[in-house]
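Chemist: The chain contents come next:
There are 4 protein chains.
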Amino acid sequence: MNAALRVAVLGASGYAGLELLRIVLRHPRLELAVATSEQRAGTPVGEAFPSLRGLVSIPFEALVPERLPGRVDVALCCLHHGTAAPAVTALRDAGVAVVDLSADFRLRDLAAYERWYGPHKEPRLFGRAVFGVPELHRGAMRGAGLVAAAGCYPTSALLPLVPFLRAGLVAPGPVIVDAKSGVSGAGRKLEDRYLFAELDGNVQAYGVANHRHVAEIEQEAALAAGRAVGVTFVPQLLPVIRGIATSVYFQPSAPLSTADARAVLAEAWRDEPFVRVLPAGEAPSLAAVRGSNFCDLAAFADARHGTVVALATLDNLVKGAAGQMIQCLNAMQGWPETLGLLEAPLAP
Amino acid sequence: MNAALRVAVLGASGYAGLELLRIVLRHPRLELAVATSEQRAGTPVGEAFPSLRGLVSIPFEALVPERLPGRVDVALCCLHHGTAAPAVTALRDAGVAVVDLSADFRLRDLAAYERWYGPHKEPRLFGRAVFGVPELHRGAMRGAGLVAAAGCYPTSALLPLVPFLRAGLVAPGPVIVDAKSGVSGAGRKLEDRYLFAELDGNVQAYGVANHRHVAEIEQEAALAAGRAVGVTFVPQLLPVIRGIATSVYFQPSAPLSTADARAVLAEAWRDEPFVRVLPAGEAPSLAAVRGSNFCDLAAFADARHGTVVALATLDNLVKGAAGQMIQCLNAMQGWPETLGLLEAPLAP
Amino acid sequence: MNAALRVAVLGASGYAGLELLRIVLRHPRLELAVATSEQRAGTPVGEAFPSLRGLVSIPFEALVPERLPGRVDVALCCLHHGTAAPAVTALRDAGVAVVDLSADFRLRDLAAYERWYGPHKEPRLFGRAVFGVPELHRGAMRGAGLVAAAGCYPTSALLPLVPFLRAGLVAPGPVIVDAKSGVSGAGRKLEDRYLFAELDGNVQAYGVANHRHVAEIEQEAALAAGRAVGVTFVPQLLPVIRGIATSVYFQPSAPLSTADARAVLAEAWRDEPFVRVLPAGEAPSLAAVRGSNFCDLAAFADARHGTVVALATLDNLVKGAAGQMIQCLNAMQGWPETLGLLEAPLAP
Amino acid sequence: MNAALRVAVLGASGYAGLELLRIVLRHPRLELAVATSEQRAGTPVGEAFPSLRGLVSIPFEALVPERLPGRVDVALCCLHHGTAAPAVTALRDAGVAVVDLSADFRLRDLAAYERWYGPHKEPRLFGRAVFGVPELHRGAMRGAGLVAAAGCYPTSALLPLVPFLRAGLVAPGPVIVDAKSGVSGAGRKLEDRYLFAELDGNVQAYGVANHRHVAEIEQEAALAAGRAVGVTFVPQLLPVIRGIATSVYFQPSAPLSTADARAVLAEAWRDEPFVRVLPAGEAPSLAAVRGSNFCDLAAFADARHGTVVALATLDNLVKGAAGQMIQCLNAMQGWPETLGLLEAPLAP
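Chains as they are written, first to last, in my numbering: chain A, 103 to 450; chain B, 103 to 450; chain C, 103 to 450; chain D, 103 to 450.
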C-alpha cells in the first residue's frame, strides 16, 4: 500500500466541507491533515460537529495558504467564490494540487463570470482548470493540478442532457431545466427561508430564469453540442436536506420514442460507475441516491407531442459536491474513480 | 338569515371529504346533514377522525343515493371516478344539486375520457356539467345542477396559463407543465410510496408525460386559445402533505418582458378574490396558501431566451379540491364566492 | 351586533403574532387596528407576510405605547420578556386592557422570576395579572385588565396534571414532565439549530431539568395541590412546525386503574369546549389539534408498576399562544370563550 | 486476508434487512451469498430496491432453511417473531451461526415471552441465545452460535441505565422510559398511521405502559441491578425515518450531581467504540448518529429535585438493528467489533 495522500479541506465547517470529512475518513488512500474554518479555528472538529465526535482528532485551523505546502499534498477547497481564487492560486503556486468547489474557475469566459459573480479576485488561473465532472472531462483530469468541480445543479442538468446534445438530437430553441434542490445545497446560511418553520411543507422557486448556474450549464451544453444552447433554468427549494431532482425538457430534432430516448442515455453512460440509467418506466428518486455518489437518470418522450423529458436525481452534497470532488481527485491521481465512494445509499 | 342548505358529503372519509367537513362546519349557510363512507358506516365522524372530535355529531353512513333526496339539498361528491357517475346521475334525477370532484363529468369528449379512465359507467350526463373552476366558468354556474370541480393539477396549470392563451400570447408547440404535489392529492392510499419512510426526504416523478389530468388541461387550454394546445405534463410527488407548485413554460408568440408577463396575469385576475398575482420578483410558495383557498401566481420571462415561466401554488385539498367545490357551490347558489372560504392560510 | 373591539397586536411579526392576526381576522367581534413590529415598521402586513396578502391592509408600525390609547381597546402583547413589562404597564396606566404572552407577569414570586429571567424591568404590576389558562382561572378573568397568558409548555403540562393534584391523587416526589415541542414555539430565531438542514429528521433535548417554564408549572401545580410540587421538566425540540406533545408521569397516592385515571380527567374537564379527553385506549396526537385551540388529553396507569401517565397535545401557536390569548380575551369580555376559536383542526 | 464469511440475510426486503445489505456490502470480511424475501423471490435485489441498483447482483430467493447450509456460514435473521424461531432452529441444527433480530430468543423467561408474543413456535433453543448488546454481553459472544440482537428501544434504554443499576445508584420504584422512535422501527408496514400524510408534523404515543419491549428492558435491568427493576415504558412515534431518542428518569439512591451522573456513564463506557458520552451540558441528537452505529449518551441531575435524567440517541436501523447484528457477528468471530461499522454519521 502506498503512503496516503495528505489532504486539506478548506472551509471544512460548511455542509460540503463536512461531507468531505465524512468521505475522506473512509477513503483508503487519503489522510485528513488539515481542516480549516475561520469561525471554528481552534476547536476540535469532533467537538464542533457532534456527528464526527470520536472520529476526527484534529482541530479546525484558520486558513493561511502559505502554511499548507509541506503539510498537505492536495487541497479540497469549499470556500465561497471570491474567497477561493486567491487561496487556490497561492496553493497552486506552491505546488499543491487543488480541487475547487467554488465558481471561480469553472467558466471559460471571464465576461460571463463577471456578469454573474462580479469582478474576479485573482484571474491568473481563470480558464485553466478542468471542469469537474469526470463523466465529461476525465481525459483532462489525470495529472491536472486544478480541477473546478461542477456545481450541484449543473451536474444534475448536464448528465441527462449532454448525450442528446452530443448526438445532435436537440432541436434549436431553449432547453428547459426545472430543478428542485434540498436545502443543504445553499450551505449553512442563517436566513429566514432556510428555517425549519419556513421550509417544512413548503416549496418555492427562486432566481427564476436568472440563476448563476445557468452559465456553467450553457458552457458545457455548447461544448457538447458544438453550438450555442440556450437554457431556461428555474431552481426551486425543497423541504429536503439532501438531493436534487432535475427535469430537462426539449424538443428533439427528429422524432424519438421513449425507448430511443432511454437508449441514448444508457449507451452514453454505459461504463460509468456512478451514473445509473433506470429501467424503462422507472423515474429516479432522491431516496435511491441519498448519501451516495450516484446520479440516477431516466428519459421519456411525450407520445402525443414529442417533447423529451430527461430526469436526474443526485445527492447535492455527494455527487453534487464532496463526492464529485473526491471522484475528480481519484481521476487526477489515476486511481479508480470509485475509491472511497462506492457506498450504498442510505435508504430508507 | 335564510335557512341553511343541507349538504351531503359523499366519500367523506377520504382527504378531500374530510377537508369538506372542515369547511362546511364553518360555512355560515351550510349544514352538514349526511356524511357517507362505506368503510366507516355507523361510526361517528368525530370518533373515526380525531381532529373532528366534538365538532361533528352525525355518524358516517353507507351511500344509498335514493335515501338522500328530502334529507339534503346538495351533494358534494368525493367518490372515485367510475363510482361517482351512477351516484351523481341518480341524485340529479332526484333533483339534488351536485358538485362532483371525480373525473366522470369534467371532460367534453367521451373518447378522451375512455382513453384515460376506461368505459364510462353512466354517461347520460356526460358533457353536461360545468367545468368547475369558477374563475373560468362562473357564468355557467349560477343555477347549474351539476358542476364537475376541476382536479388539483389542472387548476394549478390553468390559472397561470389561460390568460396567456386567451391573449394569443402562446406560440405553437407544446406547453411544458412541471407540477409538484403534496401527497394528500393521492388520497389516503395504502401504497409503499406514500409511507413516511419512503416519501420523507424524497421526490419522484410519476406518470411522466402520461398522466390523466393532461386531458382536462388540454381541453380547457384549447377553449381558452381557440385552437388545440399540446401540453407535456410531468407530475412529481413531494414530501409535503398539502400543496401543489406548478411551473408552466412556453415560448411567447411575441417577445414579452417579465413586467409584461406579470401584467397579463394581474389584469386577467384583477377581480378574483382567491387568485393573488404576486408583486414583481416574488415567487409563490406552498406555505403562503396552506389551508386556504388561494392560488398564488407569478410570471417571469427569461431575458436571454424569451421563455415565459408562469408559476402557481395552491393547497390541493382546498383550491384543488374541497375549497373549489364550495366556491362552485357558492357560485351555483348566487352567493358571494368567498362565503366560508376567506380564511387566512396557516403559516407557519 | 355591537361595535367590534379594536385590537393592537404588539410584536405582530413573530410567529405568535402572526397567528393572532390569523385569528383576529376571523373573530366576529374583533377588529385589527394596529400591528407593531420594529423591524417591519412601514411595511404593509400582507407584503411582509405573503400568507396574509390581500387579507390585511394596515402596515406594521413601531410600538409607541402612548400612541395606542384612543386607537385601540385592547392590546395583545407578544413582546419578549423584559420588553413587554414597560409597554404593558404603560398601556394599563392608559386604561388599555392587555393580554400579555411574555413571562413578565405570569409568576407570583419575584425571586423566582428573577432567578430565571434576570431583574424585572418594570415590576409595578408584577403579581397582579391573572394567570392565563381559562380552564384554571376563568373566574378571575371577567373584567380583568391584565391577563398573562400561560406559555405553551405549562399549558400542556397543567391541563393533564392539575385534576390529579386537585383530587389529591399525586404521591409526594417529583412529577416528571417530558415535553416535545415543534420549532415555532421558539419563535422566528435565526440560530443554527432551527435550520431545516439541522432539525429535519432530528430530535434533541435542551435546558434539561433547567428550563424557565418549570417555574410556571410548579406555581400552578402548587396552587392546585395546596402544597409544593416538584417538577422535573425536560423539553425536546421536534422536527415539526406546530405542536407540543407532553407526557406527565407520577406515582399515585392511591392505586389507580387506567379507567380511574381517565375518569379523573374526563370529570374535571367535562364542560370545557377546548379540552377533549379521548376515549379509553386512544393517545392524543399533534395532527388532531393542528391549527386549532384544542388540547387533547389521555391518561393511563401502568398495570404492573402503578405509574400514572397523562398525555397532552396542543398546537403551541394556538392553545399554547395566540388561541389561548383570544380565549382569555373572550373571558375578560364575558363573551363565549369559543368566539373566533372553534375551527376544525387542519388534518391531514 | 482470510476468505470472507458467506452471509445470508433472511427477510432482506424489510428495512432492517436492507440496512444489513448496505452494511454487508462494505464489510471487508463478509460476502453476501443469499438474500431471502418471500414477496420478492426471483427479483434481483437491485431491481426491487433502486438504492441498491448496480451494487447487488443476486436475486431475492424464498427462504428454505435446508438449502442454506453449505452455501452460507452465517445467517442474519430479520424475520418476524414466530416466523424466526423455526428457521433459526433449523439453521442452528445444520451448524449455521445465527444472529437473530426477532424477539424469539431474547428473553429468558418463557412465560414472559408468551405473555407478550403468544405461544412460542419452537422453544427448543429458547433461553440459550446470548442477549445481543455487545456492550453488555460480549464476553459470551465469542464463538457463540446464536445471538439474539436486542431491539431498538431496549438498546436505547439500557445503555444509559445499566451503569447506574450496576453501581447501585437507582432507588427502588419504577424507572420511567419515555422513548421516541422514527417510523422505520416499525418496518415497512402498510397502515394508515405510517402514511406520510398522517405522520408528517405528527407525534403520538402508542402501547402506553404496555409495549412488548418492556420485557427485555426489565430482564436486562434486573440482571444489571441484581434485583427486579420496574420500568414504565412509553413509546412514541416521530415524524422521522431513522432514530430513537430515549429519556430515562429515576430517583437516585443517593444524591448525584450532573457531573456525578455523567461520570457514571463515562466511566462505564470508557472503552466502547460505539458509545459516546457527550461533554457536560450537551444533549444527544438523532442527527449526530444518523446512519451510524453510534449510541450517544448524556446524563443530568435535576438540581432542585434530584431526579436523574439519562438521555440516549441511536439510529434504530443501525445500532438498533442491522449495525448491532453486525457488531454481534464481529464479536462472535473474534474480530474487531468496529469492522465494517465505523462510518461517520450522515450529517446533515
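Quick caveat, the hints were computed from the structure, so don't treat them as lab data.
Keep in mind that a hint or two might mislead.
For identical chains, the list gives no copy identity; a pair is met inside one copy or between any two copies.
[As the list claims (entries may be wrong)] Within a straight-line C-alpha distance of at most 25 Å, the following computed SDA-like cross-link-like pairs (lysine to any residue) qualify:
1) K291 - E149
2) K291 - E384
3) K291 - G270
4) K291 - A213
5) K291 - P188
6) K223 - L107
7) K291 - R372
8) K291 - W371
9) K223 - E149
Remember, it's a predicted structure, so these values are computed and weren't measured experimentally.
Chemist: Which constraints among the numbered hints does this structure fail? Numbers only, ascending.
Modeler: 3, 4, 6, 7, 8, 9
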